[in-house]
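Participant: Spelled out, the chains give:
2 protein chains.
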Amino acid sequence: MNAWQLDPQLANDSQPLHSAALCDIRLMDDANYPWLILVPRVAGASELFDLSASQRRTLIEEIAQVETALQGVFRPDKWNVAALGNAVAQLHVHVIARYHNDPAWPLPVWGRTQARPYTPEQLSERSRVLIARLQP
Amino acid sequence: MNAWQLDPQLANDSQPLHSAALCDIRLMDDANYPWLILVPRVAGASELFDLSASQRRTLIEEIAQVETALQGVFRPDKWNVAALGNAVAQLHVHVIARYHNDPAWPLPVWGRTQARPYTPEQLSERSRVLIARLQP
Chain F
33 MNAWQLDPQL
43 ANDSQPLHSA
53 ALCDIRLMDD
63 ANYPWLILVP
73 RVAGASELFD
83 LSASQRRTLI
93 EEIAQVETAL
103 QGVFRPDKWN
113 VAALGNAVAQ
123 LHVHVIARYH
133 NDPAWPLPVW
143 GRTQARPYTP
153 EQLSERSRVL
163 IARLQP
Chain X
33 MNAWQLDPQL
43 ANDSQPLHSA
53 ALCDIRLMDD
63 ANYPWLILVP
73 RVAGASELFD
83 LSASQRRTLI
93 EEIAQVETAL
103 QGVFRPDKWN
113 VAALGNAVAQ
123 LHVHVIARYH
133 NDPAWPLPVW
143 GRTQARPYTP
153 EQLSERSRVL
163 IARLQP
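If you read the sequences in order, they're chains F and X. Just so you know, we're using the numbering used here here: the first sequence kicks off at 33 and counts up by one. Just so you know, we're using the numbering used here here: the second sequence kicks off at 33 and counts up by one.
FYI, nobody ran anything at the bench for these hints, they're computed from the structure. Some clues are possibly wrong.
Chain copies aren't distinguished; within one or between two, either way the pair holds.
EDC-like, lysine to aspartate or glutamate: derived pairs with alpha carbons at most 20 Å apart [unchecked claim]:
(1) Lys110 with Glu153
(2) Lys110 with Glu79
(3) Lys110 with Asp82
(4) Lys110 with Asp39
(5) Lys110 with Glu157
Note that this is a predicted model, so its numbers are computed, not measured.
Using the sequences and the hints, build the whole thing.
Facilitator: Right, dumping it as structure tokens:
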């Protein structure tokens, strides 16, 4: 099996924040929503059943850890968690802080609004805050 | 804490298939997509961090078991898995078999098409097949 490499589309749409035990944790470049993705570094994985039970356990713990670590930063009304992969097959999990007044509420975010990229200053500041919270 | 009870909206929108160790597994009454939900029987849970680590581990295993058990029935192009809860706060996980020619592809299913209820005969037949596969 080839070594794992981040899908080019995911790389283009997001910025690295932290490398956890299993997943690369990245910030989606869309200022409409506080939106992270977790990408397990497992070559060829597309579905949850492509991971081992041990990897799945680590994945769901890393999702919960991200939510817990960022709950105080974002104070969302609801977390949305999803592994879709209809556009990019490489297994990745969206973790999105949702608010009653965000542009897509109460619908899921996909296909509702055009991505609004952060300014370089916003991206730098947001990344700084999130990286500090995500590090153990 | 009160005893767990299935949310009335979820009860109305879906039919029981199987009771796994942690989750009630139910079929959404929408013939547009093979669409199941897993509802952990944990009173008051809305987010993943409302479960214990042990419950989260069981949850992700039951999701993977459902996908594995039904892979041969549905033969989907992609599984979509999501815990959203914007409309119904009670923690529930959507597990949806997606196809390149389904009504919402490649977008997620929510808010795209009106639910198309099964006929009683379809519902009975589909439930029979799924229950047989979901039982250990």
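Participant: Give a verdict on every hint.
Facilitator: Cross-check of the supplied hints:
1. Lys110 with Glu153: Neither way: Lys110 and Glu153 sit 27 Å apart in one copy and 37 Å across, limit 20 Å.
2. Lys110 with Glu79: between (25 Å within a copy, 8 Å between copies)
3. Lys110 with Asp82: between (28 Å within a copy, 12 Å between copies)
4. Lys110 with Asp39: Intra 28 Å, inter 17 Å, cutoff 20 Å: inter-copy only.
5. Lys110 with Glu157: Neither: 23 Å inside a chain and 36 Å across chains, both beyond 20 Å.
Taken one by one, the earlier hints fail for this structure at numbers 1, 5, listed in ascending order.
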